[in-house]
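A.B. asks: Sequence:
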Amino acid sequence: MDISPTKLNTFLFFKLPSAFLCGVRVKSISLEKCEVTVKHRWLNQNPFNSMYFAVQAMAAELTTGALVMYQIKKSKKNISMLVANNKGNFTKKAKGRITFTCNEGNFIEDAINKTIASGDGQTIWLKSIGVDEKGDQVSEMDFEWSVKIK
0 MDISPTKLNT FLFFKLPSAF LCGVRVKSIS LEKCEVTVKH RWLNQNPFNS MYFAVQAMAA
60 ELTTGALVMY QIKKSKKNIS MLVANNKGNF TKKAKGRITF TCNEGNFIED AINKTIASGD
120 GQTIWLKSIG VDEKGDQVSE MDFEWSVKIK
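In numbering that gives the first Met the number 0, the protein residues as written are 0 to 149.
None of these hints come from the bench; they were simulated from the model. Where is the CB? At the ideal position from N, CA and C, for every residue including glycine. Keep in mind that a hint or two might mislead.
Unchecked claim - The calculated DSS-like cross-link candidates involving lysine-lysine, where the alpha carbons are at most 30 angstroms apart (straight line), are:
id, residue 1, residue 2
1, K91, K126
2, K133, K92
3, K147, K38
4, K75, K6
5, K126, K38
6, K76, K38
7, K149, K32
8, K32, K75
9, K86, K147
10, K126, K6
11, K149, K76
12, K126, K92
13, K126, K86
14, K26, K147
15, K126, K14
16, K94, K38
17, K149, K73
18, K76, K86
19, K76, K92
20, K26, K86
21, K72, K94
22, K32, K92
23, K133, K38
24, K72, K126
25, K147, K76
To be verified - Pair ranges (Cβ atoms, derived):
id, residue 1, residue 2, range
26, N45, G118, 42 to 50 angstroms
27, K92, S27, 42 to 50 angstroms
28, V82, I115, 18 to 26 angstroms
29, G118, Q44, 42 to 50 angstroms
30, P46, Q136, 21 to 29 angstroms
31, K94, K32, 22 to 30 angstroms
32, D119, K91, 12 to 20 angstroms
Sequences and hints are given; from them, build the entire structure.
C.D. replies: Structure below.
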C-alpha cells in the first residue's frame, strides 16, 4: 500500500470504522509530518458541548501511527507496530474543526533501523498537537510506539 491521504482514509473506513464515523480524516502526509482533521459534531460530542476526548485521541494517534506506517513501508521490511503507552493534556474545549499535527517523522527512521539491525524491539515517543480553527491549542497527546521486526 502506498501511503497517501486517500489510501489512509480508505484504510480507516475498513479497519477503524469508529474513527471514520466520527469524522477523522487524514489531510496530508510526508516523511516528516502528518495532519489529521476532525470536526466537532453531534456524533463525537461530550455532555459539555465539545469534542469527546477519545475522538481527539483517535485523530492524534493517527498522525503518529501513519508516520510509523510510512517509515515501515519505506524500509521494505516486515515490522510490527503497537502503541505501548500514551498521555494527553487538554487545554481548551475542542469545538469546530480541530487539526492534529505530528512533525516528528524524522525520529522514526532511527528506531526502524535499530530494530532491523539488532532484531530487538524499539520504542519511540511521538507528539501530536491539536489546534482549533483560530490556531489555539486544544490538546497535546504523546504516544509511545513499539516497533519490532517480525
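A.B. asks: Each hint: holds or not?
C.D. replies: Structure-based check of all given hints:
1. K91 with K126: holds, 18 angstroms
2. K133 with K92: holds, 12 angstroms
3. K147 with K38: Outside the cut-off at roughly 34 angstroms; violated.
4. K75 with K6: holds, 18 angstroms
5. K126 with K38: holds, 20 angstroms
6. K76 with K38: violated, 35 angstroms
7. K149 with K32: holds, 26 angstroms
8. K32 with K75: holds, 20 angstroms
9. K86 with K147: holds, 22 angstroms
10. K126 with K6: At roughly 23 angstroms apart (the allowed maximum being 30 angstroms), K6 and K126 satisfy the hint.
11. K149 with K76: holds, 9 angstroms
12. K126 with K92: holds, 19 angstroms
13. K126 with K86: holds, 10 angstroms
14. K26 with K147: holds, 28 angstroms
15. K126 with K14: holds, 23 angstroms
16. K94 with K38: holds, 7 angstroms
17. K149 with K73: holds, 16 angstroms
18. K76 with K86: Roughly 29 angstroms between the alpha carbons, so the hint for K76 and K86 holds.
19. K76 with K92: violated, 41 angstroms
20. K26 with K86: With Cα atoms ~24 angstroms apart, K26 and K86 stay inside 30 angstroms; holds.
21. K72 with K94: violated, 34 angstroms
22. K32 with K92: holds, 25 angstroms
23. K133 with K38: The given pair, whose Cα atoms are some 14 angstroms apart, holds under the 30 angstroms limit.
24. K72 with K126: Since the Cα atoms of K72 and K126 sit roughly 21 angstroms apart, the hinted pair holds (cutoff 30 angstroms).
25. K147 with K76: holds, 10 angstroms
26. N45 with G118: 42 to 50 angstroms: holds, 44 angstroms
27. K92 with S27: 42 to 50 angstroms: For S27 against K92, whose Cβ atoms are near 25 angstroms apart, the range 42 to 50 angstroms is violated.
28. V82 with I115: 18 to 26 angstroms: holds, 20 angstroms
29. G118 with Q44: 42 to 50 angstroms: holds, 46 angstroms
30. P46 with Q136: 21 to 29 angstroms: The hint (21 to 29 angstroms, Cβ to Cβ) holds, given that P46 and Q136 are roughly 23 angstroms apart.
31. K94 with K32: 22 to 30 angstroms: Since K94 and K32 have Cβ atoms about 24 angstroms apart, the given range 22 to 30 angstroms holds.
32. D119 with K91: 12 to 20 angstroms: violated, 40 angstroms
In summary, the structure is inconsistent with hints 3, 6, 19, 21, 27 and 32 from the numbered list given earlier, while agreeing with the others.
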